[in-house]
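Undergrad: Spelled out from the first residue to the last, the chains are:
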Amino acid sequence: MTSLSITSPKPAARAARARLDWFQIGLLAVCGLLTTGALIYGGYLLTVFQLAMIYGIFCIGLNFFMGYTGQASFGQNAFACIGGYGSAILCVQYGWEPALALIASMVVAGVAALLIGYPTLRLRGHYLAMATFSLGLITYDISIQWTSLTQGYMGYAGIPPLGIAGFEIESERWKLVALAALLGFAFWISQRMRDSRFGRGLRAISGSENGAAALGIRVPRFKLIAFVIAALYASAAGSLFAHTVGFISPEVFGPQMAIITFTMLYVGGVGTMIGPIVGAIVASVLPEIFRSVGKFQDIAYAVVLLGMLIYAPKGLSSLGKLFRPRKKEEA
Amino acid sequence: MPLLNVCGLTKRFGGLVANNEIDLEVPQGSLFAVIGPNGAGKTTFFSMISGFLGSTSGSIEFDGRDVTRVRQDQIAAMGLVRTFQLVQLFKGMSVIENVEVGCHLATRGGVAASLLRPAWFRKQEIEVRERAHELLDFVGLGSQAEQDAELLPYGQQRLLEVARALASKPKLLLLDEPAAGLNTQETESLARIIQKINAQGTTVLLIEHDVGLVTRIAHRIAVLDFGRKIAEGTPDEIKAHPEVIAAYLGVEEENA
Chain A
1 MTSLSITSPK PAARAARARL DWFQIGLLAV CGLLTTGALI YGGYLLTVFQ LAMIYGIFCI
61 GLNFFMGYTG QASFGQNAFA CIGGYGSAIL CVQYGWEPAL ALIASMVVAG VAALLIGYPT
121 LRLRGHYLAM ATFSLGLITY DISIQWTSLT QGYMGYAGIP PLGIAGFEIE SERWKLVALA
181 ALLGFAFWIS QRMRDSRFGR GLRAISGSEN GAAALGIRVP RFKLIAFVIA ALYASAAGSL
241 FAHTVGFISP EVFGPQMAII TFTMLYVGGV GTMIGPIVGA IVASVLPEIF RSVGKFQDIA
301 YAVVLLGMLI YAPKGLSSLG KLFRPRKKEE A
Chain B
1 MPLLNVCGLT KRFGGLVANN EIDLEVPQGS LFAVIGPNGA GKTTFFSMIS GFLGSTSGSI
61 EFDGRDVTRV RQDQIAAMGL VRTFQLVQLF KGMSVIENVE VGCHLATRGG VAASLLRPAW
121 FRKQEIEVRE RAHELLDFVG LGSQAEQDAE LLPYGQQRLL EVARALASKP KLLLLDEPAA
181 GLNTQETESL ARIIQKINAQ GTTVLLIEHD VGLVTRIAHR IAVLDFGRKI AEGTPDEIKA
241 HPEVIAAYLG VEEENA
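Protein chains in written order, with this note's numbering: chain A, 1 to 331; chain B, 1 to 256.
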């Protein structure tokens with residue numbers, strides 16, 4: 001097809017990239033349908049899906065660090081905290097534009113991630129997990145104790161909704177649409193980074209750090225960049241939460257958030273392309289489904305999660321592979 | 001001037017001297033082999049040259065530059081690329097993606113380029129893909145390009161690692177026991193591939209346990225035993241060397 005390839009009669013180089021299989025496309029379609037359903041149905045479901053979109057953005061970033069690069073972080077909520085409080089403070093105290101506040105907070109979070117990541121990322125495995133977890137705890141404590149900045153447990157109320165140049169998105173439906181569009185944009189960005197020399201370098205590190213270093217990949221630097229990317233996504237998610245809900249307090253960005261997003265990533269499929277989105281939506285919808293079981297809600301939710309982790313350890317988005325043992329004809 | 005010049009290289013692990021004052025000169029364009037019984041210090045030697053392990057004393061000069069205290073990825077960037085005795089494939093990536101990672105040093109562009117995708121970047125991506133295909137064809141894995149790398153049989157994983165290392169266009173290719181665990185047929189095809197790589201101008205330094213393979217393809221051989229270099233010469237000289245025969249070929253002391 002391409003005249004460039006002389007030695008090997010191979011299909012066009014352009015065509016072959018990381019592709020989604022039909023199962024994954026189906027999953028995305030289901031997620032899209034669910035979101036559309038919520039949009040039509042309205043009411044409480046709107047909030048559920050708004051949060052799912054925000055968590056989806058958070059998880060896309062987390063997937064860079066935990067999925068592609070294969071490092072453990074339980075502390076990305078710290079950067080969501082920076083984003084959330086950054087937006088709240090800049091908008092409420094100083095009357096900034098939400099979009100501007102979001103970007104400014106991302107810059108702060110990115111710089112913080114650089115400074116924190118540089119020493120922390122020397123750790124590996126469980127030690128890294130512990131260090132990042134404590135990072136989340138420290139940030140949580142700061143957000144409670146530094147009352148002059150964060151107003152402590154009182155939190156910030158009256159954060160203006162998202163908008164650009166004086167135009168604010170007031171309607172809950174339009175908020176969901178805007179968040180879904182932002183999720184799509186975040187996904188598109190992540191795909192571009194993944195399918196590149198940079199993204200391959202990250203994934204190589206998760207496969208074998210020594211192998212990557214032997215091929216000239218600067219492993220510590222790549223890990224740091226992945227950490228910063230995850231922090232930027234987390235910060236954006238934190239800001240979006242503030243603007244969507246209009247109120248933040250320390251609990252929002254507490255350790256609970258690290259656990260929730262971790263669950264989402266694993267349910268969806270850590271290291272897969274669509275895992276973060278699918279996981280965020282499924283893990284947000286499931287508790288609502290189980291609401292009907294009343295007081296057994298949490299138990300039912302836990303059972304389903306356990307089942308998923310046992311029978312689909314690589315998450316929902318790689319479930320398709322289980323039913324397709326021979327994939328030669330497709331390749 | 002030799003491409004690789006190792007001088008008095010020593011490594012001590014506490015009281016154990018793994019490498020003792022090893023001198024080695026690998027000329028440009030040669031196919032050089034280091035052999036020795038198990039535990040002779042071959043892999044230690046290799047790890048020091050490739051920057052994965054610090055040396056206790058001695059110096060390593062590569063391509064006219066001192067690389068004794070240089071990080072492994074920087075050494076790789078200078079053109080000294082190694083493979084591993086225990087294959088270090090990138091799990092979760094396809095066969096061709098593994099080779100594409102190998103093109104890292106031969107290409108450029110980071111996050112910004114991946115987001116903006118300028119014309120040179122897109123062209124480069126296509127070239128990477130094509131080069132990866134060529135290299136897979138070269139080692140005979142062309143038909144498995146899209147398969148998961150970890151699903152390849154062991155012998156093919158080794159070939160993939162060689163293809164991946166070649167993708168970075170090394171000046172010196174270090175192969176750490178490439179024939180370990182291969183059957184006779186696989187070893188044969190590997191030998192041919194190594195010879196082809198060398199014929200195309202890449203200097204090859206090979207560590208091997210399998211004396212048969214080495215004496216057939218290497219131009220020059222150094223023999224390690226108990227961390228010392230006990231002999232160096234052409235394959236014929238090595239085969240006739242009394243100390244080598246004693247230490248390695250004759251009374252072989254292999255711990256099962």
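Don't read these hints as lab results, they were simulated from the structure.
The beta carbon of each residue, even a glycine, is placed where N, CA and C say it ideally should be.
Do not rely on the hints blindly, as some may be mistaken.
[Unchecked claim] Below, a list of computed lysine to any residue pairs in the SDA-like style, where the Cα atoms sit at most 25 Å apart: (1) A/Lys314 to A/Val30; (2) B/Lys91 to B/Ala180; (3) B/Lys91 to A/Ala72; (4) A/Lys321 to A/Val304; (5) B/Lys91 to A/Val30; (6) B/Lys239 to B/Ala180; (7) A/Lys314 to B/Gly109; (8) B/Lys91 to A/Val304; (9) B/Lys123 to A/Arg19; (10) B/Lys239 to B/Gly181; (11) B/Lys196 to A/Gly320; (12) B/Lys171 to A/Ser208; (13) B/Lys91 to A/Thr36; (14) B/Lys123 to A/Met193; (15) A/Lys321 to B/Ala180; (16) B/Lys123 to B/Glu150; (17) B/Lys91 to A/Tyr127; (18) B/Lys169 to B/Ser94; (19) A/Lys314 to B/Gln147.
[Claimed, not checked] Between beta-carbon pairs, the in silico distance windows are: (20) A/Arg221 to B/Lys171: 21 to 29 Å; (21) B/Leu116 to A/Phe296: 37 to 45 Å; (22) A/Tyr127 to B/Thr56: 55 to 63 Å; (23) B/Arg117 to A/Val30: 24 to 32 Å; (24) B/Arg117 to A/Leu114: 19 to 27 Å; (25) A/Gly43 to B/Ala106: 50 to 58 Å; (26) A/Leu114 to B/Ala199: 20 to 28 Å; (27) A/Met130 to B/Gly212: 47 to 55 Å.
Undergrad: Now tell me, hint by hint, if it's right for this structure.
TA: Against the structure, the hints come out as follows:
1. A/Lys314 to A/Val30: Roughly 19 Å between the alpha carbons, so the hint for A/Lys314 and A/Val30 holds.
2. B/Lys91 to B/Ala180: The hint holds at about 20 Å.
3. B/Lys91 to A/Ala72: holds, 17 Å
4. A/Lys321 to A/Val304: holds, 20 Å
5. B/Lys91 to A/Val30: violated, 29 Å
6. B/Lys239 to B/Ala180: holds, 21 Å
7. A/Lys314 to B/Gly109: Between A/Lys314 and B/Gly109 the Cα gap is close to 30 Å, so the pair fails against 25 Å, i.e. violated.
8. B/Lys91 to A/Val304: violated, 28 Å
9. B/Lys123 to A/Arg19: With a Cα-Cα distance of about 20 Å, the restraint between B/Lys123 and A/Arg19 holds, given a limit of 25 Å.
10. B/Lys239 to B/Gly181: holds, 23 Å
11. B/Lys196 to A/Gly320: Violated - the C-alpha atoms of A/Gly320 and B/Lys196 are around 41 Å apart, more than 25 Å.
12. B/Lys171 to A/Ser208: Holds: B/Lys171 and A/Ser208 sit about 23 Å apart, inside 25 Å.
13. B/Lys91 to A/Thr36: Answer violated: B/Lys91 to A/Thr36 is near 37 Å, above 25 Å.
14. B/Lys123 to A/Met193: holds, 16 Å
15. A/Lys321 to B/Ala180: Outside the cut-off at roughly 32 Å; violated.
16. B/Lys123 to B/Glu150: Violated, at roughly 29 Å.
17. B/Lys91 to A/Tyr127: Holds, at about 23 Å.
18. B/Lys169 to B/Ser94: holds, 21 Å
19. A/Lys314 to B/Gln147: holds, 18 Å
20. A/Arg221 to B/Lys171: 21 to 29 Å: holds, 24 Å
21. B/Leu116 to A/Phe296: 37 to 45 Å: violated, 51 Å
22. A/Tyr127 to B/Thr56: 55 to 63 Å: The hint (55 to 63 Å, Cβ to Cβ) is violated, given that A/Tyr127 and B/Thr56 are roughly 28 Å apart.
23. B/Arg117 to A/Val30: 24 to 32 Å: holds, 30 Å
24. B/Arg117 to A/Leu114: 19 to 27 Å: Holds, at about 25 Å.
25. A/Gly43 to B/Ala106: 50 to 58 Å: holds, 56 Å
26. A/Leu114 to B/Ala199: 20 to 28 Å: violated, 47 Å
27. A/Met130 to B/Gly212: 47 to 55 Å: holds, 50 Å
Checked against the numbered hints given earlier, this structure breaks hints 5, 7, 8, 11, 13, 15, 16, 21, 22 and 26; the rest are met.
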